[in-house]
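Start from the sequences, fold in the hints, and give me the full structure.
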Amino acid sequence: MDGIGEVIAWFTAPEQWSGNNAIPLRLWEHVSLSAASLAAGVAVALPLGLYIGHTGKGARTVIAVANIGRAVPSLGWLGIVYPISVALLARGGLGFWPTFVALVALSVPPIVTNTYAGLREVDPDLREAGRGMGMRESELLRRVEIPIALPVILAGVRASAVTVVATATLSSLVGGGTLGAYVVQGLFINDLPRVVGGAIMVAALALLTEWGFGALQRASVSKGLRERASAQPPAEALRSAAGA
Amino acid sequence: MNEGQPFIRWDWIIDNLDQIGRRLGEHVYMTLLAISIGFAISFALAMLIRSRPGLYGPIIGFSGILYAIPSVALFALLVPFTGLSVLSAEIALVSYTLVILIRNIVTGLEGVPPDVIEAAVGMGYTPSQRLWRVELPIALPVIVAGLRIATVTTIGLVTITTLIGAGGLGYLIVNTGIRRFFDTSTYTGVVLSVALAIAADLLLLALQRRLTPWARARAEA
Chain A
1 MDGIGEVIAW
11 FTAPEQWSGN
21 NAIPLRLWEH
31 VSLSAASLAA
41 GVAVALPLGL
51 YIGHTGKGAR
61 TVIAVANIGR
71 AVPSLGWLGI
81 VYPISVALLA
91 RGGLGFWPTF
101 VALVALSVPP
111 IVTNTYAGLR
121 EVDPDLREAG
131 RGMGMRESEL
141 LRRVEIPIAL
151 PVILAGVRAS
161 AVTVVATATL
171 SSLVGGGTLG
181 AYVVQGLFIN
191 DLPRVVGGAI
201 MVAALALLTE
211 WGFGALQRAS
221 VSKGLRERAS
231 AQPPAEALRS
241 AAGA
Chain B
1 MNEGQPFIRW
11 DWIIDNLDQI
21 GRRLGEHVYM
31 TLLAISIGFA
41 ISFALAMLIR
51 SRPGLYGPII
61 GFSGILYAIP
71 SVALFALLVP
81 FTGLSVLSAE
91 IALVSYTLVI
101 LIRNIVTGLE
111 GVPPDVIEAA
121 VGMGYTPSQR
131 LWRVELPIAL
141 PVIVAGLRIA
151 TVTTIGLVTI
161 TTLIGAGGLG
171 YLIVNTGIRR
181 FFDTSTYTGV
191 VLSVALAIAA
201 DLLLLALQRR
211 LTPWARARAE
221 A
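Taken in order, these protein sequences are the chains called A and B.
In this text, residue positions in the first sequence follow this note's numbering: the first is 1, and each later residue adds one.
In this text, residue positions in the second sequence follow this note's numbering: the first is 1, and each later residue adds one.
In short, the hints are calculated from the structure, not lab data.
Some chain B residues well away from chain A (every beta-carbon gap over 12 Å; in silico):
| no. | residue |
| --- | --- |
| 1 | ILE13 |
| 2 | ASP15 |
| 3 | LEU33 |
| 4 | GLU90 |
| 5 | PRO113 |
| 6 | VAL121 |
| 7 | GLY122 |
| 8 | THR126 |
| 9 | TRP132 |
Computed spacing ranges between beta-carbons, pair by pair:
| no. | chain 1 | residue 1 | chain 2 | residue 2 | range |
| --- | --- | --- | --- | --- | --- |
| 10 | A | LEU88 | B | GLN19 | 28 to 38 Å |
| 11 | A | ILE4 | B | ARG218 | 53 to 63 Å |
| 12 | B | ASP18 | A | ALA35 | 39 to 49 Å |
| 13 | B | LEU87 | A | GLU139 | 54 to 64 Å |
| 14 | A | GLU137 | B | ASP18 | 51 to 61 Å |
| 15 | A | PHE11 | B | ASP18 | 37 to 47 Å |
Positions of the beta carbon are idealized from the N, C-alpha and C atoms, including for glycine.
Here's what the structure looks like:
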């Protein structure tokens with residue numbers, strides 16, 4: 001590869017902008033797969049984390065989920081899910097579905113651990129005060145616990161979002177397109193401008209996701225807490241993630 | 001799964017034990033190399049931060065950006081420079097360890113109680129004696145916690161390096177597994193990489209307990 005010129009030539013070639021391997025199509029595959037997986041991951045992990053964090057019951061489940069999440073790598077989830085999805089759905093088991101299931105599995109642990117840790121860090125006095133004011137448990141959760149824990153919860157969502165966008169790349173290994181397709185095709189046929197072009201887009205999308213969710217996380221700090229809040233994940237989350 | 005084929009073909013595993021062992025060996029080697037180099041660089045940078053705390057923000061910020069770049073992308077971006085090789089794999093793998101290790105070394109050293117440092121000063125320890133005999137031993141559990149996260153993460157990332165021809169257990173998952181619809185190979189690779197991650201984690205935990213016997217004594221007291 002002669003360098004940047006070839007990569008620019010790759011980006012501007014007409015076949016990158018129309019047809020069944022076009023950038024807009026691959027980008028759409030990447031974004032829609034990531035968004036669907038993250039939404040499903042949040043739908044599973046958030047209620048679980050809120051329940052365990054609010055009641056304090058099932059802390060072992062959190063540790064188990066965190067440890068499984070740590071030990072099974074992204075490609076591992078795809079390797080586990082893919083043969084099953086092909087066995088169950090034949091050709092329909094290629095592409096979207098195996099990666100979707102793998103991405104949901106990947107996105108759950110950070111959201112569960114952070115939601116749990118965020119709620120546990122809420123000052124018990126505040127809970128008591130809420131109860132003393134006559135709040136029902138659901139009100140306490142909605143009006144006291146979640147607003148205080150929101151930045152920590154969103155830090156978990158952010159970590160999951162970045163992992164999901166990064167790992168959606170692997171969908172191309174099982175026929176699912178995404179921007180990873182350029183990297184995988186390019187490595188296969190030794191077309192380096194295609195490899196680099198794909199990699200640049202994947203990296204840009206991941207960094208945009210990181211910054212976008214970072215901004216959301218900072219904006220989520222409740223007004224009353226803005227001065228003393230920190231956007232760092234709490235020490236407890238780090239410790240439990242370390243399995244210690 | 002191919003029709004009429006058992007889900008796991010044990011005969012294939014037995015016939016290919018040497019190949020499986022070689023892939024496992026490559027995986028362990030790439031992990032150890034990345035963690036050793038990553039730790040050496042992180043330790044040096046943490047020492048630099050210790051003498052110039054203002055550098056913490058820029059160093060963590062930069063290594064944080066490296067960490068946020070997806071592994072497939074970083075491996076791929078290195079290929080034009082260092083080729084389809086273990087070298088490309090290692091450069092990316094080392095980059096990913098930095099943010100975890102630097103943060104834990106710095107946090108561990110900052111967690112040393114000031115009165116302990118004062119006592120060491122009072123006993124006439126030089127700054128370097130203080131570091132090696134007092135501060136680092138006290139910071140060890142936090143440093144090892146970082147090593148555990150970095151090691152488990154690296155073992156997962158090494159599976160991806162097969163895409164740039166670096167071998168490892170990812171070869172069993174992708175090249176002889178997913179690409180050939182041969183589930184036995186896929187699952188062999190997945191199970192071994194997960195087992196390796198758990199084993200490495202427990203080994204580091206055992207090492208930490210061994211190196212900090214006083215922590216256990218205090219917990220029991």
